[in-house]
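Trainee: Here's the letter readout for the chains.
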Amino acid sequence: MASYQLKGYSPENKSLITPGTVILDEKMLLSNVHWFISVRWIVIIIFIIGSTVGNLFSVQLINIGFKIPILPLLGMAIPLLLMNTAFFLFSRNLKVSEHKSISINLWIQIVIDLIFVTCLVYYIGATDTFIPFIYLIHITLSCLFFPKHQSIIIVCIAASLYLLTVSLQNTGIIMKQTVFISRDNIDMLNSSVSLLLAFTAVLIWFIIWYFVSTLSDIVSERDLALKIANEELKKAEEEKTKQILITTHDLKAPFVGIESNISVLKYIHWEELTPECRDIIDKIEVRSKTLRERIKQILDLGNLRTQFQNDVQTEQISLKKIFEEILDEMVDMINEKKIKLVTTILDITVNSNKNNLLILFSNLISNAIFYTQNGETIQINMEKQESEVIIKISDTGIGIAEKHLDKIFDEYFRTPEAARFNKMSTGLGLQIVKTITEKLDLSLMVESEINKGTTFTVGIRI
Amino acid sequence: MIKIKLVDDDIEITENIMAILGAKGFQAEAFNELSGAVEFIKDGIPDLIILDVMFPENPAGGLDLAREIRTHKELEKIPVILFTNINQELPMEFSQEDIDDEWMPVQSFMEKPIKPEVLINKINEQLK
Chain A
1 MASYQLKGYS
11 PENKSLITPG
21 TVILDEKMLL
31 SNVHWFISVR
41 WIVIIIFIIG
51 STVGNLFSVQ
61 LINIGFKIPI
71 LPLLGMAIPL
81 LLMNTAFFLF
91 SRNLKVSEHK
101 SISINLWIQI
111 VIDLIFVTCL
121 VYYIGATDTF
131 IPFIYLIHIT
141 LSCLFFPKHQ
151 SIIIVCIAAS
161 LYLLTVSLQN
171 TGIIMKQTVF
181 ISRDNIDMLN
191 SSVSLLLAFT
201 AVLIWFIIWY
211 FVSTLSDIVS
221 ERDLALKIAN
231 EELKKAEEEK
241 TKQILITTHD
251 LKAPFVGIES
261 NISVLKYIHW
271 EELTPECRDI
281 IDKIEVRSKT
291 LRERIKQILD
301 LGNLRTQFQN
311 DVQTEQISLK
321 KIFEEILDEM
331 VDMINEKKIK
341 LVTTILDITV
351 NSNKNNLLIL
361 FSNLISNAIF
371 YTQNGETIQI
381 NMEKQESEVI
391 IKISDTGIGI
401 AEKHLDKIFD
411 EYFRTPEAAR
421 FNKMSTGLGL
431 QIVKTITEKL
441 DLSLMVESEI
451 NKGTTFTVGI
461 RI
Chain B
1001 MIKIKLVDDD
1011 IEITENIMAI
1021 LGAKGFQAEA
1031 FNELSGAVEF
1041 IKDGIPDLII
1051 LDVMFPENPA
1061 GGLDLAREIR
1071 THKELEKIPV
1081 ILFTNINQEL
1091 PMEFSQEDID
1101 DEWMPVQSFM
1111 EKPIKPEVLI
1121 NKINEQLK
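These protein sequence lines map, in sequence, to chains A and B. Numbering follows the working numbering, in which position 200 of the first sequence is assigned residue number 200; successive positions increment by one, without gaps. Numbering follows the working numbering, in which position 37 of the second sequence is assigned residue number 1037; successive positions increment by one, without gaps.
It is possible that part of the hints are untrue.
Quick list of the computed label-pair ranges, beta carbon to beta carbon [as the list claims (entries may be wrong)]:
no., chain 1, residue 1, chain 2, residue 2, range
1, B, Asp1098, A, Thr247, 23 to 29 Å
2, A, Asp223, B, Gln1096, 48 to 54 Å
3, B, Glu1117, A, Glu411, 31 to 37 Å
4, B, Gln1096, A, Glu98, 45 to 51 Å
5, A, Glu411, B, Asp1043, 51 to 57 Å
6, B, Ile1045, A, Cys277, 40 to 46 Å
7, A, Ile390, B, Arg1067, 40 to 46 Å
8, A, Glu271, B, Asp1043, 34 to 40 Å
9, B, Gln1096, A, Asn351, 18 to 24 Å
10, B, Arg1067, A, Leu89, 52 to 58 Å
Over the 10 Å line for every Cβ pair with chain A, so calculated as not near, a few chain B residues [unchecked claim]:
no., residue
11, Ala1030
12, Glu1057
13, Pro1059
14, Arg1070
15, Glu1076
16, Asn1124
These aren't lab readings, by the way, just hints derived from the structure by calculation. Everything numeric in this text was worked out from a predicted model, so none of it was measured. All residues carry an ideal CB built from backbone N, CA and C; glycine is no exception.
Build out the structure end to end from the sequences listed, making use of the hints.
Mentor: Take a look at the structure:
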């Protein structure tokens, strides 16, 4: 027996993006808060490794002219560790909607980082190494995180901290530090030269800030324009779908009237009509029911597709009641075809969407009825497993050829056998089943053998 | 003779139901508007009431009417059947399951289009 299983479905969280004046949306800002904290753990580890290496290989390092500031590195690692733990704990409670709190958190993190960067720059060598350019990490990141008027403040804070350090060194208030041991390197630069170098470095920061923040603004503006255009497209698409649904509703109502009239005609005046008239009325009724069914399926599919994943409301549902309701509705069809129905329906409750489950199982059961010969058997079996309920709907109908199994869930696809056997088929039923399966994150498998029958297996997590 | 009153804005539907009920020996009367429906029902208390749900002036008018009927002492014990197209008009799945004293205070629920045998069975069930 051939079988086909739908691939697993992992729905994306679709949320509407509200255009605003921020450079990054809240979701992105919050992810940056977490990213900053992760990077800081790495920096703390580097500080600890640095001080350990400096301690273990001090002689070798001195021989090649370097001295690692072991105590300052450890002295920075410990408060950084405590602060990062605090940031980590605080950021866990931050929600995407709290834009102000996220922004403040990022600001505090950057300012504290700048203080530690200044300490690092001081101990490595504020003017006789390239370490001052480490400030550029925070400068460029702030250009990406914040608007221009805010990122310039970060540059100013960095410049102030750096120039203050250099000035304090040059005036002798704090001792000059460097990783170079050779006195020549240190003595090579006098105060005015080192201050000139410091100002040059700061000037380069400002130039880089200007270019990065300008580019970031351009990218952000385009990003925002794209988001707005995307929103407009979504709204237009929703409006179009709404109009189609309204039109489809309006199309459907007359068929209810036509069928009601035919019912009355059959109930009261049937005996007065000639066989030819009865034949024509039967044909009208079949056509009307087919069209109504097709419109219903277009509506179901349209409604399912316009429904966002987050809008699918779930509740505790009794599967027994769902099947009772469906079988009550289909009792006429079952009796008409003299179908033997064998059921094992358990009283199990699942957390799911009632309407969607009703539509899904109605489609599978009505398919089983349609494609089974008169007097044959349909089985509905429910089995409770460890974490899910397995529902099998089996018929002894016309079956599906192996080459068609992977196509039966495609919109408007009908196997040639199905099209011949059931002229009322719309080719939408299994597309609806597939859409609901994906929406409710269910498992679905079909096994079939031509002329022997088909079994659809649905798995619902308990 | 058993008297049944219908309230439905669709004249074609009420005419059809009246024809079916008449053929089965019931005395049926219809009213096609929501306003004045309570007075119509009270004017010659029926044995059973059939109500539509959706009316042009109020999409849930039938439910409001069912609740109002329950507030009238002379009508409170009369069985009410909701006969509606609401599941076809809106993406909803109303059913017998949704019947309760507060929100849907009726005895039975059935969907359009008319299925004469089902309708007669439901009526007989309520009249027992």
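Trainee: Against each hint, give a clear statement of whether it holds in the structure.
Mentor: Right, here's what the structure says about each hint:
A beta carbon spacing of about 28 Å between aspartate 1098/B and threonine 247/A agrees with the range 23 to 29 Å that was offered as a hint. Between aspartate 223/A and glutamine 1096/B the C-beta distance comes to about 53 Å, which sits within the given range of 48 to 54 Å. Judged by the Cβ atoms, the range 31 to 37 Å given for glutamate 1117/B and glutamate 411/A holds: they are separated by roughly 36 Å. Against the hinted window of 45 to 51 Å, the Cβ-Cβ separation of glutamine 1096/B and glutamate 98/A comes to about 46 Å, which satisfies the hint.
Remark: the range hint 51 to 57 Å for glutamate 411/A to aspartate 1043/B is upheld by a beta-carbon distance near 54 Å. Distance hint check for isoleucine 1045/B and cysteine 277/A: the Cβ-Cβ separation is about 41 Å, which falls inside the suggested range of 40 to 46 Å. Taking 40 to 46 Å as the suggested C-beta distance range, the pair isoleucine 390/A and arginine 1067/B conforms, at roughly 42 Å. A hinted range of 34 to 40 Å for the beta carbons of glutamate 271/A and aspartate 1043/B is consistent with their spacing of about 36 Å.
Taking 18 to 24 Å as the suggested C-beta distance range, the pair glutamine 1096/B and asparagine 351/A conforms, at roughly 23 Å. About 53 Å separates the C-beta atoms of arginine 1067/B and leucine 89/A, a value consistent with the hinted range of 52 to 58 Å. Interface exclusion of alanine 1030/B from chain A stands, the closest Cβ pair being 14 Å apart, more than 10 Å. The non-interface label for glutamate 1057/B is consistent with chain A: the shortest C-beta to C-beta separation is roughly 17 Å, beyond 10 Å.
Under the 10 Å C-beta cut-off, the non-interface status given to proline 1059/B relative to chain A holds; the minimum distance is some 12 Å. With a least CB separation of 25 Å from chain A, arginine 1070/B remains clear of the 10 Å interface cut-off, as annotated. Distance to chain A confirms glutamate 1076/B as a non-interface residue, since its nearest Cβ pair spans about 28 Å, more than 10 Å. No Cβ of chain A approaches the Cβ of asparagine 1124/B within 10 Å, the least distance being about 15 Å, so the stated non-interface status holds.
Checked against the numbered hints above, the structure violates none of them.
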